[in-house]
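Visitor: Sequence:
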Amino acid sequence: MEHCILKIALDSPLDSLFDYQWKLQDETVPLPRPGQLAIVPFGRREVVGIIVAVSDHSDLPAEKLREALAVHVQVPPLSREWLDLCRFAADYYHRPLGEVAIPGLPKNLRTTKTTALDKALAKLARPADVALPRLRKAARARGRNAAITTPVESPAQAEAAVEVAEPAALASPVFWSATPNLNAAQEQAVASIAETMGFTPYLLFGVTGSGKTEVYLQAAARIFAQAHSEGPPAQVLILVPEINLTPQWLANVQARFPHLTIALLHSGLAEGERLTHWLAAHYGRAQIVLGTRLAILASLPNLKLIVVDEEHDPSYKQQEGLRYSARDLAVWRAHQLGIPVVLGSATPSLESWQHVQSGRYKKLELRERAVPDAVLPKVRMIDMERDRPTGGMTSSLIKAVRLRLECGEQSLLFLNRRGYAPVMACEACGWISNCAHCSAFMVLHKLDRKLRCHHCSNEMRIPRNCPTCGNIDLQPIGRGTQRVEESLQQLFPAARIQRIDADSTRLKGSAQAAFDAVHRGEVDILIGTQMVAKGHDFQNLTLVGVLNPDTALFSQDYRAAERLFAQLMQVAGRAGRRAQKEDGNPSEVWIQTRYPQHPLYAALRAHDYERFADVQLQDRVQAGLPPFIYQALMRAEARELQTALEFLEAARSSMDLPPEVILHDPIPMAMTRVANVERAQLLIESTSRVALQAYLTAWLPVLREIKPRIKWSLEVDPQDI
DNA sequence: AGCACGCCGACT
DNA sequence: GTCGGCGTGCTC
Numbered sequence: 001m002e003h004c005i006l007k008i009a010l011d012s013p014l015d016s017l018f019d020y021q022w023k024l025q026d027e028t029v030p031l032p033r034p035g036q037l038a039i040v041p042f043g044r045r046e047v048v049g050i051i052v053a054v055s056d057h058s059d060l061p062a063e064k065l066r067e068a069l070a071v072h073v074q075v076p077p078l079s080r081e082w083l084d085l086c087r088f089a090a091d092y093y094h095r096p097l098g099e100v101a102i103p104g105l106p107k108n109l110r111t112t113k114t115t116a117l118d119k120a121l122a123k124l125a126r127p128a129d130v131a132l133p134r135l136r137k138a139a140r141a142r143g144r145n146a147a148i149t150t151p152v153e154s155p156a157q158a159e160a161a162v163e164v165a166e167p168a169a170l171a172s173p174v175f176w177s178a179t180p181n182l183n184a185a186q187e188q189a190v191a192s193i194a195e196t197m198g199f200t201p202y203l204l205f206g207v208t209g210s211g212k213t214e215v216y217l218q219a220a221a222r223i224f225a226q227a228h229s230e231g232p233p234a235q236v237l238i239l240v241p242e243i244n245l246t247p248q249w250l251a252n253v254q255a256r257f258p259h260l261t262i263a264l265l266h267s268g269l270a271e272g273e274r275l276t277h278w279l280a281a282h283y284g285r286a287q288i289v290l291g292t293r294l295a296i297l298a299s300l301p302n303l304k305l306i307v308v309d310e311e312h313d314p315s316y317k318q319q320e321g322l323r324y325s326a327r328d329l330a331v332w333r334a335h336q337l338g339i340p341v342v343l344g345s346a347t348p349s350l351e352s353w354q355h356v357q358s359g360r361y362k363k364l365e366l367r368e369r370a371v372p373d374a375v376l377p378k379v380r381m382i383d384m385e386r387d388r389p390t391g392g393m394t395s396s397l398i399k400a401v402r403l404r405l406e407c408g409e410q411s412l413l414f415l416n417r418r419g420y421a422p423v424m425a426c427e428a429c430g431w432i433s434n435c436a437h438c439s440a441f442m443v444l445h446k447l448d449r450k451l452r453c454h455h456c457s458n459e460m461r462i463p464r465n466c467p468t469c470g471n472i473d474l475q476p477i478g479r480g481t482q483r484v485e486e487s488l489q490q491l492f493p494a495a496r497i498q499r500i501d502a503d504s505t506r507l508k509g510s511a512q513a514a515f516d517a518v519h520r521g522e523v524d525i526l527i528g529t530q531m532v533a534k535g536h537d538f539q540n541l542t543l544v545g546v547l548n549p550d551t552a553l554f555s556q557d558y559r560a561a562e563r564l565f566a567q568l569m570q571v572a573g574r575a576g577r578r579a580q581k582e583d584g585n586p587s588e589v590w591i592q593t594r595y596p597q598h599p600l601y602a603a604l605r606a607h608d609y610e611r612f613a614d615v616q617l618q619d620r621v622q623a624g625l626p627p628f629i630y631q632a633l634m635r636a637e638a639r640e641l642q643t644a645l646e647f648l649e650a651a652r653s654s655m656d657l658p659p660e661v662i663l664h665d666p667i668p669m670a671m672t673r674v675a676n677v678e679r680a681q682l683l684i685e686s687t688s689r690v691a692l693q694a695y696l697t698a699w700l701p702v703l704r705e706i707k708p709r710i711k712w713s714l715e716v717d718p719q720d721i
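Residue numbers for the first sequence, in UniProt numbering: 1 to 721.
Incorrect hints may have been included.
Claimed, not checked - Calculated pairs, DSSO-like style, for lysine-lysine (alpha carbon to alpha carbon, straight line, at most 30 Å):
hint: 1; residue 1: Lys446; residue 2: Lys378
hint: 2; residue 1: Lys119; residue 2: Lys508
hint: 3; residue 1: Lys399; residue 2: Lys450
hint: 4; residue 1: Lys399; residue 2: Lys446
hint: 5; residue 1: Lys508; residue 2: Lys534
hint: 6; residue 1: Lys534; residue 2: Lys378
hint: 7; residue 1: Lys450; residue 2: Lys378
hint: 8; residue 1: Lys317; residue 2: Lys64
Said to hold, decoys possible - Simulated DEER-style distance windows between Cβ atoms:
hint: 9; residue 1: Asn252; residue 2: Leu24; range: 46 to 56 Å
hint: 10; residue 1: Ala122; residue 2: Thr643; range: 16 to 26 Å
hint: 11; residue 1: Pro232; residue 2: Leu14; range: 52 to 62 Å
hint: 12; residue 1: Pro232; residue 2: Ser713; range: 34 to 44 Å
hint: 13; residue 1: Pro467; residue 2: Leu69; range: 35 to 45 Å
hint: 14; residue 1: Asp59; residue 2: Ala122; range: 38 to 48 Å
hint: 15; residue 1: Glu385; residue 2: Ala698; range: 16 to 26 Å
hint: 16; residue 1: Ser79; residue 2: Glu230; range: 15 to 25 Å
The set of hints was computed from the structure by calculation and includes no laboratory data.
Every residue, glycine too, gets a C-beta built ideally from N, C-alpha and C.
Let the sequences and hints guide you as you build the complete structure.
Guide: Shown next, in the form of structure tokens:
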């Protein structure tokens with residue numbers, strides 16, 4: 001045999017593998033192996049693909065086959081398990097394997113040039129005492145948001161780890177620093193996780209401050225210790241919802257495991273760092289991999305535990321391209337490997353809560369706050385009908401902030417709307433600042449003196465007078481964080497006010513700088529969007545004010561209430577993280593609302609997630625909504641709305657329906673037009689996940705034949721409908 | 001998705 | 001006369 005056939009997955013929407021020839025050389029050159037990367041000609045360009053199989057025949061005529069150009073022998077092959085994970089995700093979300101497997105790899109591995117790869121491999125091979133100071137320095141410069149690898153190996157071992165696929169065993173035992181005592185519930189949770197034999201999904205349910213992090217870390221420590229006596233060092237994957245949370249997590253993890261190599265994987269890394277960290281995980285050298293949702297697709301040869309912190313968080317769902325749920329893939333991956341997975345939350349997703357009810361997930365509950373004497377903040381409603389707000393703030397809330405200022409304690413004001421004002425309007429003629437390209441308003445950004453559409457790149461200078469009637473008295477309507485910041489400056493001229501939202505943190509590192517300022521006590525009043533609500537551990541923060549949560553109460557989106565409850569519980573959790581000072585004020589959460597009696601707020605006031613969840617689940621059963629039904633959503637877009645609707649109509653009638661599957665009417669999307677494209681959607685539902693999947697599998701090839709061809713996509717388990 | 005080919009409008 | 005608009009066709 002002179003040639004063999006490589007079956008290769010490429011990052012292309014074509015749903016197939018591609019066959020290439022590979023010339024067999026003498027015995028000294030090993031045969032390509034599945035999981036290796038290969039450079040191949042594809043059309044007129046050269047791309048990197050993954051060898052999925054090595055075979056001796058192809059179904060294609062020989063003249064169509066081209067030769068693979070090279071195989072990446074520097075990098076050990078991706079494992080069978082990793083390829084199976086990608087294959088599962090590809091099948092489940094109905095995308096080609098290559099579109100799942102390739103984009104998850106660091107860019108520097110996907111180029112035909114190997115200079116960056118060689119550099120990274122050299123870095124990994126370099127003796128620890130040379131590489132480390134440079135990484136440390138870079139990390140410090142970047143506010144600890146960078147690469148921190150702390151190898152324990154001798155130079156020789158580091159070399160070995162780079163050259164062979166299998167990681168070298170650690171010579172030294174696994175250390176971890178002295179740990180705080182656990183309370184009984186924590187101890188039991190740690191024991192359950194660490195003693196797990198085989199696949200077990202756990203829901204770690206506990207309010208903010210109940211010590212979930214401690215449970216993850218000590219469970220990890222025990223798993224490291226067990227693995228150490230058995231074989232290669234174990235790896236633990238920790239997923240967090242936001243990039244901004246990784247520095248705080250990194251500091252925690254490093255303090256606990258100062259001798260272990262930690263890899264970070266999130267989209268904020270520079271490409272070089274990304275490659276180094278990815279390789280550290282791939283070689284099994286990084287024992288702790290900390291990252292955002294994309295880290296779920298990392299190569300982890302010795303994975304023994306997966307943690308998904310704040311598992312309810314919507315950011316675990318990718319909202320473009322391959323629309324996967326990192327949390328769901330985490331559970332699948334744990335199942336595949338026969339290992340425990342811990343989903344942690346104070347406000348679990350209703351999906352996970354339902355899995356607990358049905359016995360599929362095991363609940364581990366932390367009822368007390370772990371810090372002795374820390375008490376749950378008191379939640380109060382401010383009736384906005386009685387106490388009319390000025391500048392977005394009621395007099396009660398202003399008074400509360402002033403009290404905290406006088407005590408030298410920090411306040412957080414939460415408003416999930418960035419910009420100065422969401423709309424600008426002319427009171428004389430009724431003109432409003434509609435975007436010319438989207439069905440949305442242009443948002444007023446006063447500092448930039450711009451009206452800006454948050455959905456397309458459309459910007460314009462704030463008009464001096466009304467574009468239709470010439471009236472010079474244009475008014476901002478409603479308020480965003482910038483406007484509240486302005487009011488606060490007037491109300492509290494001596495206070496140090498910090499705004500944290502997507503606009504104020506656009507520059508790299510600025511978010512971290514802002515959070516650091518808060519931690520150092522250089523900020524009195526913090527105003528922010530959901531960016532500040534998640535996970536940050538503010539020690540001196542004792543007041544949380546929620547300015548305007550009501551809009552979500554009556555939303556068309558059936559998940560809005562669930563999201564609002566989680567968000568409010570989470571932002572409430574920012575208050576009173578530490579033990580209450582003897583002479584201090586109790587931590588408080590003030591919620592401005594026009595519906596103080598609403599059941600959602602009643603549950604919140606009682607810190608009663610369970611009651612809230614049970615009521616929601618009952619509603620969902622009765623209404624036939626997830627998690628009791630499975631959904632997929634097809635979206636189509638075109639210049640004309642009619643074209644998109646007609647396409648979906650054709651799609652709907654293109655195939656006979658099995659009895660368990662329902663197709664709804666095609667409808668325009670809630671935001672019909674974005675950047676001059678009209679969008680419509682078609683909802684597919686079934687009481688059976690298997691029936692839904694089978695239908696989609698059969699349906700997709702039919703859809704690809706529908707003419708005229710327009711842009712469309714399919715999302716499984718959509719979050720926003 | 002890229003990338004090229006291919007056939008019709010405003011410019012050096 | 002050409003630069004370039006995006007329709008459609010192909011990629012082992």
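Visitor: Hint by hint, where does the structure go against what was stated? Just the numbers, ascending.
Guide: Structure breaks hints 1, 3, 7, 8, 10, 11, 13, 15.
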